[in-house]
Amino acid sequence: GAVVSQHPSRVICKSGTSVKIECRSLDFQATTMFWYRQFPKQSLMLMATSNEGSKATYEQGVEKDKFLINHASLTLSTLTVTSAHPEDSSFYICSASPITDTQYFGPGTRLTVL
Amino acid sequence: KQEVTQIPAALSVPEGENLVLNCSFTDSAIYNLQWFRQDPGKGLTSLLLIQSSQREQTSGRLNASLDKSSGRSTLYIAASQPGDSATYLCAVHDGSSNTGKLIFGQGTTLQVKP
Chain Z
1 GAVVSQHPSR
11 VICKSGTSVK
21 IECRSLDFQA
31 TTMFWYRQFP
41 KQSLMLMATS
51 NEGSKATYEQ
61 GVEKDKFLIN
71 HASLTLSTLT
81 VTSAHPEDSS
91 FYICSASPIT
101 DTQYFGPGTR
111 LTVL
Chain V
1001 KQEVTQIPAA
1011 LSVPEGENLV
1021 LNCSFTDSAI
1031 YNLQWFRQDP
1041 GKGLTSLLLI
1051 QSSQREQTSG
1061 RLNASLDKSS
1071 GRSTLYIAAS
1081 QPGDSATYLC
1091 AVHDGSSNTG
1101 KLIFGQGTTL
1111 QVKP
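In the order they appear, the protein sequences are chains Z and V. FYI, the numbering for the first sequence is 1 to 114, going by my numbering. FYI, the numbering for the second sequence is 1001 to 1114, going by my numbering.
Errors might be hidden in some of the hints.
[To be verified] No more than 30 Å apart at the CA atoms, straight line, and that leaves these computed lysine-lysine pairs for DSSO-like:
| # | chain 1 | residue 1 | chain 2 | residue 2 |
| --- | --- | --- | --- | --- |
| 1 | Z | K55 | V | K1113 |
| 2 | V | K1042 | Z | K66 |
| 3 | Z | K66 | V | K1001 |
| 4 | V | K1042 | Z | K55 |
| 5 | V | K1113 | V | K1042 |
| 6 | Z | K64 | Z | K14 |
| 7 | V | K1113 | Z | K41 |
| 8 | Z | K64 | Z | K20 |
| 9 | Z | K20 | Z | K55 |
| 10 | Z | K55 | Z | K66 |
| 11 | V | K1001 | Z | K41 |
| 12 | Z | K66 | Z | K41 |
| 13 | V | K1001 | Z | K14 |
| 14 | V | K1042 | Z | K64 |
| 15 | V | K1113 | V | K1068 |
| 16 | Z | K64 | Z | K41 |
| 17 | Z | K41 | Z | K14 |
| 18 | V | K1001 | V | K1068 |
| 19 | Z | K41 | Z | K20 |
| 20 | V | K1068 | Z | K41 |
| 21 | V | K1042 | Z | K20 |
| 22 | V | K1001 | Z | K64 |
| 23 | Z | K66 | Z | K20 |
| 24 | Z | K55 | V | K1001 |
These are calculated hints, taken from the structure and not from any lab test. Note that the structure is a prediction, hence the values are computed from the model and not measured.
Just chain V, same shape as in the assembly:
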C-alpha cells in the first residue's frame, strides 16, 4: 500500500530565505508526482507535476525534483516571500491502478515572516 510522508510538518523562515520541502513515498511504481499549495480553508492549487520519467520541473521560483528509485521528491522554493505562506501537499498518482487515484502526504505548513 502506497504511503506518502512529508517532512517537516511545519516550517517557519524569514523572508528571502531559500527552502526545501521533502516528500517520500514507499512504492516507486508511480505514474507521476504532484505538488500542490493549499491556503487555509481553500481548495488545492497545482504547482508542479513531474512525470515518472522526469527528474525535475521548474516554474518561476519553484523547482521540484523526483528520484523515483529512492522514493523521494523535493520542492525547492527560492527567495521565499510572505505570500508563499501556505500548506504544501505532495501527492503521488498511484501506479498500481489506472483509476487516477492520488495519494496525499500530510503536508508541510510554511510560514514566511516579513
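Isolated chain Z, as found in the complex:
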C-alpha cells in the first residue's frame, strides 16, 4: 500500500513553454502533498506544501508565480512550471501524506529544458 505515482517520468521541453507534472496517491487520501526539487548530486529541497482545497505554502526563495501548485483533490496535486528556462531543469519529486508524520514519495520527474 501507500503508492504515489508521478507523470510524466521524463519530459523535455523548449525554453518558454509550460510543463505540468502530476502527483497521485493511488491507494490513500493525501491531506497534504509536498513538492521537492533535486539538482544533480544534491539533496532534496522542499519547494512547497499543499493542502487539498487551499493555496500552497511556498518555501522562501521559490517563485509561486513560476511554480504553480494545484491540489484539487485528496489524491491529486499538480506542479506547473511556467515559462520554463534551462535553469529549471531538475529532478522534481512529490510526496503525499495521509497524516502529518508520514510521507510517501513518488518516483520523480526528470525535467530538461532546452
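Model the placement of chain V on the given structure of chain Z, informed by the hints.
Same frame as chain Z, but now just chain V:
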C-alpha cells in the same frame, strides 16, 4: 533553522564489510528522523523511521540509532552487498511546525564493490 549534515559524502567498501553512515542535525526538537535510500534517477525508498522517543530501529541488516540530545543518528549496515550501492539520505521531521516538513541531509553515496 534546522540543518542536517551527513558524513561522509561518499563511501566505497568491499562486499561483506559492516559500515556506518552518520547524520547530524542542529535542532534537537524533532518529531522523528527517517533514513531513505535513493537509486540513481529514482525516487526515495523509506528504510527506517525513528520516533523522537525511540533510540533505535532495526530492519534486516539495517539498524538506525537516534541520540536526540546530541543531534545525531547513525545508520548501520551489516554485511554489505553490491545491491546496497545507492545514496542514503537522512531527513528530520521539523519539530518547529506541524506541517510535516522534512529537512534532508546531502546524502551519502555508497558503493559496495564485489
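Results of checking the hints against the structure:
1. Z:K55 - V:K1113: Not OK: Z:K55 and V:K1113 at ~47 Å, beyond 30 Å, violated.
2. V:K1042 - Z:K66: holds (25 Å)
3. Z:K66 - V:K1001: holds (26 Å)
4. V:K1042 - Z:K55: The given pair, whose Cα atoms are some 28 Å apart, holds under the 30 Å limit.
5. V:K1113 - V:K1042: Satisfied, since the Cα-Cα distance of roughly 21 Å is no more than 30 Å.
6. Z:K64 - Z:K14: holds (21 Å)
7. V:K1113 - Z:K41: holds (20 Å)
8. Z:K64 - Z:K20: Given that 30 Å is the threshold and the Cα spacing comes to 14 Å, the pair holds.
9. Z:K20 - Z:K55: holds (17 Å)
10. Z:K55 - Z:K66: Roughly 15 Å between the alpha carbons, so the hint for Z:K55 and Z:K66 holds.
11. V:K1001 - Z:K41: holds (23 Å)
12. Z:K66 - Z:K41: holds (24 Å)
13. V:K1001 - Z:K14: violated (37 Å)
14. V:K1042 - Z:K64: Satisfied, since the Cα-Cα distance of roughly 26 Å is no more than 30 Å.
15. V:K1113 - V:K1068: Not OK: V:K1113 and V:K1068 at ~33 Å, beyond 30 Å, violated.
16. Z:K64 - Z:K41: The hint holds at about 25 Å.
17. Z:K41 - Z:K14: holds (24 Å)
18. V:K1001 - V:K1068: holds (16 Å)
19. Z:K41 - Z:K20: Roughly 24 Å separates the two Cα atoms, so the pair holds.
20. V:K1068 - Z:K41: Distance ~27 Å between V:K1068 and Z:K41 Cα, so the pair holds.
21. V:K1042 - Z:K20: holds (19 Å)
22. V:K1001 - Z:K64: holds (22 Å)
23. Z:K66 - Z:K20: Since the Cα atoms of Z:K66 and Z:K20 sit roughly 12 Å apart, the hinted pair holds (cutoff 30 Å).
24. Z:K55 - V:K1001: holds (24 Å)
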